[in-house]
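Chains as they are written, first to last, in the working numbering: chain A, 1 to 408; chain B, 1 to 408; chain C, 1 to 408; chain D, 1 to 408.
If you're looking for bench data, these hints aren't it; they were derived computationally from the structure.
All clues given are correct.
Label-pair ranges, simulated between beta-carbon atoms:
#1 Thr326/D / Asp277/A: 32 to 40 Å
#2 Gly375/C / Lys165/B: 52 to 60 Å
#3 Pro402/D / Gly161/A: 53 to 61 Å
#4 Pro379/D / Gly104/C: 29 to 37 Å
#5 Asn102/D / Thr203/A: 51 to 59 Å
#6 Gly208/D / Ala280/B: 21 to 29 Å
#7 Ala318/B / Gly333/C: 19 to 27 Å
#8 Asn102/D / Gly375/C: 38 to 46 Å
#9 Pro341/B / Gly104/C: 46 to 54 Å
#10 Pro300/D / Gly191/A: 47 to 55 Å
#11 Thr242/D / Lys257/C: 23 to 31 Å
#12 Glu243/B / Thr203/A: 30 to 38 Å
#13 Phe305/C / Arg301/B: 40 to 48 Å
#14 Glu68/C / Asp11/B: 55 to 63 Å
Subject to a maximum C-alpha distance of 25 Å in a straight line, what follows is the list of computed BS3-like cross-link-like pairs (lysine-lysine):
#15 Lys292/A / Lys292/C
#16 Lys155/C / Lys257/D
#17 Lys165/D / Lys155/D
#18 Lys133/D / Lys165/D
#19 Lys155/A / Lys165/A
#20 Lys292/C / Lys207/A
#21 Lys257/B / Lys257/A
Residues from chain C that face chain A, not an exhaustive set, calculated with beta carbons under 10 Å:
#22 Met213
#23 Val222
#24 Thr233
#25 Arg288
#26 Val290
#27 Glu293
Built from N, CA and C at the ideal position, the CB exists for glycine as well.
There are 4 protein chains.
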Amino acid sequence: MSVQKILSDLDSTRDARESLYKFFHQHPELSLQEHQTSAKIQEELEASGIEVIRIGETGLVGVISNGEGPVIAMRGDIDGLPMAEQSDKDYAAAGVTQVDQNTGKETPVAHTCGHDFHISCLLGAVQALNSHKDTWSGTFLAVFQPAEENAAGAKEMVANGIVDKLPKPDVYLGQHVLGSLPGGAVGTRAGAMLSAAASIEITIHGKGSHGSMPNLGVDPIVLGSAIVTRLQTIVAREIAATETAVVTVGSFHAGTKSNIIPDSAVLQLNTRAYDTDVAAHLHEAIERIVRKECEAARSPREPEFRYYDQYPLTENDAEPTAKVRTAFDEYFGENSVDLAPIPASEDFSVIPDAFGSPYTYWGLGGFADHTTAPGNHSPFFAPDLQPTLDRGTEAIIVAVSPWLLKES
Amino acid sequence: MSVQKILSDLDSTRDARESLYKFFHQHPELSLQEHQTSAKIQEELEASGIEVIRIGETGLVGVISNGEGPVIAMRGDIDGLPMAEQSDKDYAAAGVTQVDQNTGKETPVAHTCGHDFHISCLLGAVQALNSHKDTWSGTFLAVFQPAEENAAGAKEMVANGIVDKLPKPDVYLGQHVLGSLPGGAVGTRAGAMLSAAASIEITIHGKGSHGSMPNLGVDPIVLGSAIVTRLQTIVAREIAATETAVVTVGSFHAGTKSNIIPDSAVLQLNTRAYDTDVAAHLHEAIERIVRKECEAARSPREPEFRYYDQYPLTENDAEPTAKVRTAFDEYFGENSVDLAPIPASEDFSVIPDAFGSPYTYWGLGGFADHTTAPGNHSPFFAPDLQPTLDRGTEAIIVAVSPWLLKES
Amino acid sequence: MSVQKILSDLDSTRDARESLYKFFHQHPELSLQEHQTSAKIQEELEASGIEVIRIGETGLVGVISNGEGPVIAMRGDIDGLPMAEQSDKDYAAAGVTQVDQNTGKETPVAHTCGHDFHISCLLGAVQALNSHKDTWSGTFLAVFQPAEENAAGAKEMVANGIVDKLPKPDVYLGQHVLGSLPGGAVGTRAGAMLSAAASIEITIHGKGSHGSMPNLGVDPIVLGSAIVTRLQTIVAREIAATETAVVTVGSFHAGTKSNIIPDSAVLQLNTRAYDTDVAAHLHEAIERIVRKECEAARSPREPEFRYYDQYPLTENDAEPTAKVRTAFDEYFGENSVDLAPIPASEDFSVIPDAFGSPYTYWGLGGFADHTTAPGNHSPFFAPDLQPTLDRGTEAIIVAVSPWLLKES
Amino acid sequence: MSVQKILSDLDSTRDARESLYKFFHQHPELSLQEHQTSAKIQEELEASGIEVIRIGETGLVGVISNGEGPVIAMRGDIDGLPMAEQSDKDYAAAGVTQVDQNTGKETPVAHTCGHDFHISCLLGAVQALNSHKDTWSGTFLAVFQPAEENAAGAKEMVANGIVDKLPKPDVYLGQHVLGSLPGGAVGTRAGAMLSAAASIEITIHGKGSHGSMPNLGVDPIVLGSAIVTRLQTIVAREIAATETAVVTVGSFHAGTKSNIIPDSAVLQLNTRAYDTDVAAHLHEAIERIVRKECEAARSPREPEFRYYDQYPLTENDAEPTAKVRTAFDEYFGENSVDLAPIPASEDFSVIPDAFGSPYTYWGLGGFADHTTAPGNHSPFFAPDLQPTLDRGTEAIIVAVSPWLLKES
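So here's chain A without its partners, still in its complex pose (with noise of 0.2 Å):
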């Protein structure tokens, strides 16, 4: 069968792809500042004869046309996070750090989010997909994206033109290493994985005031507290007990002495939903209630509300999931499991939305025993090199089968 010919590579390329996957592992870098990593996959791409389309500063595009056929894109994302490594993996990136072009300052980076993996298994299959192209026909995009963890690299992709560089792919497809998943499998799912979410940052205005005359002022903190308390009957009252919904205020400041009454108080907001319909419901219940509260206390200013990092839905079609998993089923046997909705975001939707593509979107297992892996985003979070690297190498190959491969 053409998938075991074109993955026929994998014993051989093995040692080169983890040293690749080391090098990356050690050399994270900052959302939007992917510079290294985006020259070594540049470098990689180009040893290897592929097309490379550059869009923006770090992202940029493997391309290989290889006849009739389905465009076929992969998304791997590139960046790391502003936090430092604590795993005891010998090739641990300890001691890492960037400058953070945003505040000026020096910060640890890591990745403690996979993206590594997802860089090094999207060049392996590219390769490999290289390598082969006598088995199969059509177009293939290996799509390396900057800056997911902030939410701003599909966006800057799109709007550096990705979608007038490229060919519209038939289906977009992406893969992330989890925690969550016994090691070595691939989790499937149709409709709802991960949640779209936004973050509002909260201005509400009191009247200052000493402590000792709370009545010549108006009370923020005693604004604020209500809002909070208030803002928990959306997600109790407003919100069907069977959605799946989340509104947490994860910040709270006001005031600086214990007795001068403040003139405002700032509250920064995270939202959660698997429903389109159920993320609009939050946002419009925040802001009602945050200023119906507001009047409540003679507020003297209309609340100010900033929404940022916010991911869409990620709700992968139904056919295009339906042809991956049933190509997963018969190549990983019990390996192809169901995965469960990710209570986290992603802005991997942004690229196919923008070009009206479908899309699916897999889960990898990273770790052995998956019942006491850390959490993605913990500074403990680095995955076993293997299988993952090459499980997440195959399930690339496998999961393009369906459209690109030619009848045996």
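Take the given structure of chain A and dock chains B, C and D to it, following the hints.
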């Protein structure tokens, strides 16, 4: 009458007293850092031949022992505030700064609470008494107290042995220039006059988690908001409506990001009461509510309470207050008025309480039109030079007269 | 002195007055149903040859026109309370009931607010004045007012034309027997003395649904609880700590079953204040908070507010109060005391306000040991027969003396 | 095929079955008062020669012992609801009433939950099985259960020895007519399908006082409101967003007058969960929050919790559900659909749990247009007579076929 005689030099000394006032106004110093102020006071006292007893780093007492008779102490507090003066006086202390020894940072300083008047009036009065020893008999103690603004100075003088270094006063007197009294008026009141106050820093403990998985954590922002909300019931329900009590949460700080539930929250509270039982009830109720709300929320650790800036109740003794009021009525006529309780706090009573002496404390009007006067601690608070300076000097002489003056 | 002369029959009339008191005590009647009481008063007045003017169903005034001079009115309220007396007096009104005309139900009735004393003392005083017309000059009006307990009686007398039927009083007087004053004492106070009060029934609208599907409804119990919680901030934050204000939610009713979210909730509130601006602020704040909380909750209909049992502030005028106090001090000596503001309300001021007359209202001690005395409206409230009955009669004569007595 | 054979009399029996259905529809009876219903069922079974075992007052089981093979039980619940039917069926049970034995009051009754279909379909199926004993082998138990509506009937049958009186079923089956499924469809689902539910009556204790003196009491309305507000955090913060849980406070009652602070408040809560751990967490959290809020409020007595109307989770076993689904798919084709979890509760599982038998429970569509169908318990809930009646009968025969039918 002897009072007139003691005050007979008021015209001839006016220029010198006004110059001295402007010196203090233009050289404000932070609490417990009043080195220049203290040195200037000592220099003035010694130039008049008045004995000086230093108590602590910046506290000092001018002592006139003038034969048999009562011991009367009068307090003047001497520190400025960490803020920039914004008055339009031609002698405004614009741009004055001092390095705060606690933080190492340069900070603006200003006499926006009027302590420069307290110093100058007390110096004028002690010098007048010294010039006319023939008219009175007894001992007069001019207590120049540091650090009233942070409630530390009176405690510091007690810690440095004021009780052992001075004779026990038969009465302890004090005055404060106020924006709320008519210009040139002196206001008295028996009983509760300045509130008991305390600040409390409360740390409450949650359990951090990702914002999308609140169930894995304990949300300290929701907990803190429940506490702030519930604290409102103390004044609204637990304290009799006829009592005066305030519970203010002046600061609330928790969290750093919208989607991370933090580990803890820190609240800073301030309480006010005109009755020690009420003050005690406030603190019992605050601790009760905080502890129980923490338990309701499954808080993993006991909350922590740190009390600071605790001011006692200032409750004028009836007998000396009546004596002073009678003397004021006779001398000032319509300018002797009733004073309402002031929603502020003082460490004035700490020293007389340490001696076991009765006390009374009166107000001095500072602005021609008190209906538009800025409040104490406003950057615009700069009382009219006159008649305030003369009136405050006269008030001291008139107030001590019932105890010290010889029958004429 | 004339006062002594007017009161010279106190001993000889004591038995008759005590019998009459016991009659009223044993024949309590509900508000606006005081038919027997009113008839008995009329009978007594007419037996003494005093002119009677009836005002409304159960109100009446005894008028003595005695030549030139001021017009002085004294009010006695005459209704009982719908409760069963539990005192151990041998003349206790055990088991007395009356059919409540509003509900059609038989209900217990008792004079547990002491209005029986108010009637009896006023009858004694008007008869004494009538017997000694030679000692005084002017007009005395003995106003027997119904329905004080439900705030309806004074309004009813105004509605029935009391202002047109009587000459305008130069001063309007009243007294109330109290458990909080020492037995036999009379207490006066200028300024605010009884609180303004109002009751408000608030209906808030939700949208019913099955308890398992709160998202299909609007939960009025969560809304009502948010309102009650938020109302606490009015007294705690919006009213100066030095003011006296109370907002009580005395009843909260919603729902019939655990698993049905009801359509609405009904709250009954009561407010108290000693200042009309404060009272107005309370009502503005309550309506603001209720309306905004309803909007925050997506309430489908505006809330409804029904005000009832509204009592004005009773605020004694300074000049007549000082006159009465001086007269009390002279006559009663140590039994003339200061009265603290009373946390209760009255419709006493409605009639003098309708006339535009100044007023003063004093307290009368009712129990030998006032520290253990039951409060007004307690089922055990039954003041000592003597000296209360005599003292209340004397107090009226002494109080009117500055206006009516001829120079002796 | 045997299923067809068993169902071959459907046409010929239709008129009789429809008449019987209308009889039950027009003779609804309250829970545990289903005397006429029970007698009619017994009469029908005995007329067909089927053995009847009575269990308790109104419960009964039709038993067909037909040789070797599995024991299969099918449950039909038989009680009506205390409400008036408002459907426009020509056979509507308008004006039917029954005296409620608990209250002694006459109350309307109606089959607005569709139990009349459950009885009729089960009677039709057991008669069909009885008529075609040659096609199957084993034992069939038709369990007619009283009092599902108040969660009492299944417990009552267990208490009356159903486990001893019947052989242990290999599987226990049930169905429910629903407004939420397309007409004529049968819907299945493995796992949690109907929620666990419980009602809790909570009495919280305050301390009464006059509304103007809240400081002398403990306000149970403020306390109750704090509890209701705080309960919202359970679903919003303590339960994972991916779980389904509801905490509803369906009634809140306290107080009688606006100006009297009452002694206590009574809340009635209802909880729902699709997981027994979640249900347990809800109850732990409710008790924790209520107790701690009471302590925060200085409540003078422990709160009291009374649990009632407790329904277990209905969680279909995977293996029998899969068997039934396969049989449905084969027989009904597109009319065999997925069923979403239902936000309602049942005592269906009580009897199979008592036996230790696996169970599955399916839904039966009742309205041609399910998008506009009234919900169960609506006064308008009256499913279409056909195809509902036939389909529910067929469904039972098809469901039992994998266990009972002889190989053909």
